[in-house]
Amino acid sequence: MTDKVRVRFAPSPTGYLHLGGARTALFNWLFARKHGGTYILRIEDTDQQRSSEEMVRGILEGLHWMGLDADEGPFFQSSFDREHRAAARRLVEEGKAYYDFTPKQETDDRDVQERIVDRARAQAGKEKNPYRDLPLEEALQRIEAGHQAAIRLKVPEEGVSRFEDMVFGLQERDYCDIEDLVLIRSDGSPLYNLSVVVDDINMNISHVIRGQDHLTNTHKQVLIYKALGAEVPKFGHLPLIMAPGREKLSKRKHGEVVSVTTYRDRGFLPDALVNFLALLGWSPGADQEIMSREELIEKFSLEAVNKSSAIFNYHESDPQNWTDPKALWFNAEYLRQMPIEELEPLVAEQLKQSGLWRDEYAGERRNWFRETIALLRMRYRTLTDFATLGQPYFSDEFEYDPSALKKNLKDARLKELIPGLARRLEDLEDFTHDATEAALRAFSEEQGVKAGLLINGARTALTGHAVGPGIFDIMVMLGRERTLERLNRATDLIGQ
RNA sequence: GCCGCUAUGGUGUAAGUGGUUAACACGCCGCCCUCUCAAGGCGGAGAGUACGGGUUCGAGUCCCGUUAGCGGUACCA
Numbered sequence: 000m001t002d003k004v005r006v007r008f009a010p011s012p013t014g015y016l017h018l019g020g021a022r023t024a025l026f027n028w029l030f031a032r033k034h035g036g037t038y039i040l041r042i043e044d045t046d047q048q049r050s051s052e053e054m055v056r057g058i059l060e061g062l063h064w065m066g067l068d069a070d071e072g073p074f075f076q077s078s079f080d081r082e083h084r085a086a087a088r089r090l091v092e093e094g095k096a097y098y099d100f101t102p103k104q105e106t107d108d109r110d111v112q113e114r115i116v117d118r119a120r121a122q123a124g125k126e127k128n129p130y131r132d133l134p135l136e137e138a139l140q141r142i143e144a145g146h147q148a149a150i151r152l153k154v155p156e157e158g159v160s161r162f163e164d165m166v167f168g169l170q171e172r173d174y175c176d177i178e179d180l181v182l183i184r185s186d187g188s189p190l191y192n193l194s195v196v197v198d199d200i201n202m203n204i205s206h207v208i209r210g211q212d213h214l215t216n217t218h219k220q221v222l223i224y225k226a227l228g229a230e231v232p233k234f235g236h237l238p239l240i241m242a243p244g245r246e247k248l249s250k251r252k253h254g255e256v257v258s259v260t261t262y263r264d265r266g267f268l269p270d271a272l273v274n275f276l277a278l279l280g281w282s283p284g285a286d287q288e289i290m291s292r293e294e295l296i297e298k299f300s301l302e303a304v305n306k307s308s309a310i311f312n313y314h315e316s317d318p319q320n321w322t323d324p325k326a327l328w329f330n331a332e333y334l335r336q337m338p339i340e341e342l343e344p345l346v347a348e349q350l351k352q353s354g355l356w357r358d359e360y361a362g363e364r365r366n367w368f369r370e371t372i373a374l375l376r377m378r379y380r381t382l383t384d385f386a387t388l389g390q391p392y393f394s395d396e397f398e399y400d401p402s403a404l405k406k407n408l409k410d411a412r413l414k415e416l417i418p419g420l421a422r423r424l425e426d427l428e429d430f431t432h433d434a435t436e437a438a439l440r441a442f443s444e445e446q447g448v449k450a451g452l453l454i455n456g457a458r459t460a461l462t463g464h465a466v467g468p469g470i471f472d473i474m475v476m477l478g479r480e481r482t483l484e485r486l487n488r489a490t491d492l493i494g495q
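Numbering that gives the first Met the number 0 applies: residue 0 is where the first sequence begins, and numbers increase by one.
Since the hints were made in silico from the structure, they are not lab data.
Any given hint might turn out to be false.
[Claimed, not checked] For each label pair, taking beta carbons as the anchor points, the in silico distance ranges come out as:
| # | residue 1 | residue 2 | range |
| --- | --- | --- | --- |
| 1 | Leu133 | Ile310 | 46 to 54 Å |
| 2 | Arg109 | Glu71 | 52 to 60 Å |
| 3 | Asp186 | Thr13 | 18 to 26 Å |
| 4 | Glu288 | Trp367 | 33 to 41 Å |
| 5 | Met337 | Val448 | 39 to 47 Å |
| 6 | Asp410 | Glu341 | 39 to 47 Å |
| 7 | Asp68 | Val448 | 18 to 26 Å |
| 8 | Ser394 | Asn201 | 52 to 60 Å |
| 9 | Asp400 | Thr431 | 51 to 59 Å |
| 10 | Arg357 | Asp68 | 31 to 39 Å |
[Unchecked claim] Within a straight-line C-alpha distance of at most 35 Å, the following computed DSBU-like cross-link-like pairs (lysine-lysine) qualify:
| # | residue 1 | residue 2 |
| --- | --- | --- |
| 11 | Lys325 | Lys298 |
| 12 | Lys247 | Lys233 |
| 13 | Lys225 | Lys95 |
| 14 | Lys298 | Lys225 |
| 15 | Lys33 | Lys405 |
| 16 | Lys414 | Lys449 |
Cβ atoms here follow ideal geometry from the backbone N, Cα and C, with glycine treated the same way.
Build the full structure now, drawing on both the sequences and the hints.
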């Protein structure tokens, strides 16, 4: 018995780490940090059929990327198999559980839900299990004789189960609504409810923070704790995260948009995702939304977690908003506000991945590299934008956006004006923001055209885009040589 | 079917123990800035708090019912 906070995140490796799991991990982590406790990772791999090592790796990777590495673990539930069986055996010996010789029901191919409903209807009269009161000696004889039996917990026949949930408050459930649950299958393998409880006891878990999908089954687990004579931990259940339309957010149906690794691969900053996730189902109660980890830790409390499920609002049909717009906003905000020195290596990594990196960006052109990042980040939302939208700034090879050409380089006058502008720029003494601006404006005045015609034309000629940073910033950034080269190169594109 | 949980604008959330025209953020629209796009500034539309009953001088806030969604109900986790 300790006062020390010990929490755990216990994913089952039957799929990748999804946003719901990530948030559960995050809340456990925040709670542990807040109370100076320990955050443990336990992989619940008892379903050997559906679990895979690859999934374990994915989960570990995702958690690491989010900065949620465990203080202890990862432990693997399957390695505690002996403890689980021993616990069940003890309960049988103490008369708190019993052998059930009822033959295992054939698993038919009907939908699980259907089967459950049918079974419930059939049991409406609910006689109690005939083996519940079979004397232990007799049961053991049968086992000896080679009969197979599952082990079920004896649930009290009357009364109500109660526990105080830190999020949902007082929970009550009649014992008569809980059937004697199976602890050990007739093949000897332990079942989930038993395994978690035994593990949580052995790991000295003080607070169980997990998804709301476990809320009603918690009564069963409390029963197991008590039967085992262990102290019951505190529980805090988290509202579920739903897909638009209030349907369950599932890996199967919603695909990669719910996978944490997708966010890493598509250029999210871990802190931004963490900040977004923290506010899904929790609020510090004030207006502040952008919060560092330290602030999150300081302000976090389970009691402030709300009870209704949150909708993760992504739009499948809109590639611009492939995930929740607010998540993208958070990311853009972090991109803009973070210290440039921290952003620099991340952008470098992006460029390396897409073959745009040059060693000089870390050497003689380091200042240039930083300034360029500073210029671009104001209008980007993800790290990957630096390698896609940013290509013209880091490489001489880039594509001209057809609609940009049409919009900014269709005026035939530009055929003369752009090369003319190039000549003016060539003659400049200093190739600075102000000097290039003065030159361009003087030139446009002389030619009797609006500066905007030259400016927008130049932007498309220089970057292939219709939108982007201020034109004189672009020129200075590219430098005189490349500016002239690109302006001249673009003349062929004018007209059409 | 049975048991349980939840219900504030499109989305995420606020609104200590019931007390003024329900607040903030994202998104959307408009204006300003301006060479475009962002960023920034300003403004706007959008909920009368799922619905119906109560209790109360007064309810988003308490009670009951209904509905909907979700969860559980399995020798799944």
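Between Asp186 and Thr13, does the beta-carbon spacing fit 18 to 26 Å?
-> Taking Cβ atoms as reference, Asp186 and Thr13 lie about 20 Å apart, which means the hint holds.
Has the given pair, Lys298 with Lys225, been kept, meaning a C-alpha gap of at most 35 Å?
-> Roughly 34 Å separates the two Cα atoms, so the pair holds.
May I ask you to test the hint 46 to 54 Å on the CB atoms belonging to Leu133 and Ile310?
-> 50 Å, holds
Hint check for Trp367 and Glu288 - Cβ pair distance inside 33 to 41 Å = For Glu288 and Trp367 the Cβ distance comes to about 34 Å; the hint holds.
Can the restraint linking Lys325 and Lys298 be considered satisfied, given a maximum Cα separation of 35 Å?
-> The given pair, whose Cα atoms are some 21 Å apart, holds under the 35 Å limit.
In this structure, is the beta-carbon distance linking Asp400 and Thr431 contained in 51 to 59 Å?
-> Since Asp400 and Thr431 have Cβ atoms about 28 Å apart, the given range 51 to 59 Å is violated.
Could you say whether the range 52 to 60 Å given as a hint is met by the Cβ separation of Ser394 and Asn201?
-> 56 Å, holds
Straight-line Cα separation of Lys247 and Lys233 no greater than 35 Å?
-> With Cα atoms ~27 Å apart, Lys247 and Lys233 stay inside 35 Å; holds.
Okay, Met337 versus Val448 on CB: inside 39 to 47 Å?
-> 41 Å, holds
Distance restraint between Lys414 and Lys449, which requires alpha-carbon spacing of 35 Å or less = Satisfied, since the Cα-Cα distance of roughly 15 Å is no more than 35 Å.
Honestly, do Asp68 and Val448 meet the 18 to 26 Å range at C-beta?
-> 60 Å, violated
Is the hinted range of 39 to 47 Å satisfied by the C-beta distance from Asp410 to Glu341?
-> With Cβ atoms ~43 Å apart, the hint holds.
Hints 2, 7, 9 and 15, counting from the list given before, are not met by this structure.
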